[in-house]
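K.L.:
Sequence:
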Amino acid sequence: MPWIILIVVLLVLGIFIGSVYNSLVSLRNKVRDQYSQIDVQLKRRFDLIPNLIETVKGYMKHESETLENVIKARNNYVNANNLEGQLEADGELSKAMSRLFALSESYPDLKANENFLQLQGELRETEEQISYARSFYNDSVLKLNNKIEMFPSNIVAGIFGFKKETFFEASNEERQNVKVKF
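So in numbering that gives the first Met the number 0 the end of the sequence shown lands on 181, straight run, no missing numbers.
There's no promise every hint is true.
[Said to hold, decoys possible] Here are the simulated DMTMM-like cross-link-like pairs (lysine to aspartate or glutamate), alpha carbons at most 20 Å apart as the crow flies:
#1 K71 - D46
#2 K94 - D46
#3 K29 - E148
#4 K42 - E53
#5 K142 - D32
#6 K71 - E83
#7 K42 - E124
#8 K29 - E168
#9 K163 - D138
#10 K94 - D108
#11 K71 - E53
#12 K94 - E104
#13 K42 - E104
#14 K94 - D138
#15 K42 - E127
#16 K56 - E127
#17 K162 - D46
#18 K94 - E113
#19 K42 - E91
#20 K42 - D32
#21 K71 - E126
#22 K162 - E148
#23 K56 - E87
#24 K42 - E148
#25 K56 - E113
#26 K29 - E164
#27 K94 - E168
#28 K146 - D32
#29 K42 - E64
Don't read these hints as lab results, they were simulated from the structure.
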């Protein structure tokens, strides 16, 4: 009789550990999937930027520093090796793009250019999709991190080496108002 109780307890414990492990793997994979969704949108944005730069170049010849900052920030993201580097480069790019669009306000011919308007619309749409993807990513990270930290799943997470993920957060620079000087 005591063997039967021991077998039942071990079986229940095994099912519990397996269930928690599977939910942790599922959450970790969801975080990875959400991050890749952000990456897809960022790739789309990066593909649009060279077209936008070429359209703007003719109108804003003396604003080359702004254009160079956009290109530099784009290249920094592409060359980033880890999440922290990508987060920093993404913040730089968002800031540079904001300046570019703010400067475009002082060029009426550019604002009326069909190419520019189309690219600006596509970038605006892409930025919205990036924002949504970041929200979904952060929700997934929250669920995973909660599961990793909460009892009793924290024991299983510790045994199998699950690590907390990093949230997508705005940098201090991104929290500042964009200053445009003419």
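K.L.:
A separate judgement is required for each hint: does it hold in the structure or not?
P.N.:
Status of each hint after checking the structure:
1. With a CA separation close to 14 Å, the supplied pair K71 and D46 stays within the 20 Å bound.
2. As the CA atoms of K94 and D46 are separated by approximately 18 Å, the hinted pair is consistent with the 20 Å bound.
3. Between the alpha carbons of K29 and E148 the distance comes to roughly 17 Å, so the proposed pair stays at or under 20 Å and holds.
4. Distance hint between K42 and E53 is fulfilled; the C-alpha atoms sit about 18 Å from each other, no more than 20 Å.
5. At most 20 Å may separate the alpha-carbon atoms for a hinted pair to count; K142 and D32 meet this at roughly 14 Å.
6. For a cut-off of 20 Å, the pair hint linking K71 to E83 stands: about 17 Å separates their Cα positions.
7. At roughly 13 Å between alpha-carbon atoms, K42 and E124 fall within 20 Å of each other, so this suggested pair holds.
8. Of the pairs offered as hints, the one joining K29 and E168 holds, with about 18 Å between alpha carbons and a cut-off of 20 Å not exceeded.
9. For the given pair, K163 sits about 13 Å from D138 by alpha-carbon distance, which is consistent with the 20 Å threshold.
10. A hinted pair counts as satisfied when its Cα atoms are at most 20 Å apart, and K94 with D108 does not qualify at roughly 23 Å.
11. A hinted pair counts as satisfied when its Cα atoms are at most 20 Å apart, and K71 with E53 qualifies at roughly 15 Å.
12. Restraint check for K94 and E104: the C-alpha separation of about 16 Å stays at or below 20 Å, so the hint holds.
13. A threshold of 20 Å between alpha carbons decides the hint, and for K42 with E104 the separation of about 26 Å lies outside it, so the pair is violated.
14. For the proposed pair K94 and D138, the alpha carbon gap of about 24 Å is over 20 Å, so the pair is violated.
15. Distance check on the hinted pair: K42 and E127 sit about 14 Å apart at the alpha-carbon level, within 20 Å; holds.
16. With a C-alpha separation of about 25 Å, the suggested pair K56 and E127 falls outside the 20 Å cut-off, and the hint is violated.
17. Restraint check for K162 and D46: the C-alpha separation of about 33 Å exceeds 20 Å, so the hint is violated.
18. Between K94 and E113, the direct Cα distance comes to roughly 24 Å. Violation of the 20 Å bound is thereby established for this hinted pair.
19. The suggested pairing of K42 with E91 holds, with an alpha-carbon distance near 15 Å, which does not exceed 20 Å.
20. For the proposed pair K42 and D32, the alpha carbon gap of about 15 Å is at most 20 Å, so the pair holds.
21. Pair hint K71 plus E126 holds up; C-alpha atoms about 19 Å apart against a cutoff of 20 Å.
22. Among the hinted pairs, K162 with E148 is consistent with the structure: their alpha-carbon atoms are about 10 Å apart, no more than 20 Å.
23. Only pairs whose Cα atoms come within 20 Å are accepted, and K56 paired with E87 is rejected, the gap being roughly 26 Å.
24. Between the alpha carbons of K42 and E148 the distance comes to roughly 33 Å, so the proposed pair goes past 20 Å and is violated.
25. This hinted pair checks out: K56 and E113 have alpha carbons roughly 15 Å apart, not beyond 20 Å.
26. Taking the CA atoms of K29 and E164, the gap is near 12 Å; set against the 20 Å cutoff, the hint holds.
27. For the hint pairing K94 with E168, the CA-to-CA distance comes to about 14 Å; that is within 20 Å, so the pair holds.
28. Proposed proximity of K146 and D32 is supported: the alpha carbons are some 18 Å apart, at most 20 Å.
29. Note on K42 and E64: the hinted pairing is violated, with a Cα-Cα distance of about 23 Å set against a maximum of 20 Å.
The structure fails to meet hints 10, 13, 14, 16, 17, 18, 23, 24 and 29 from the earlier list, while all remaining hints are met.
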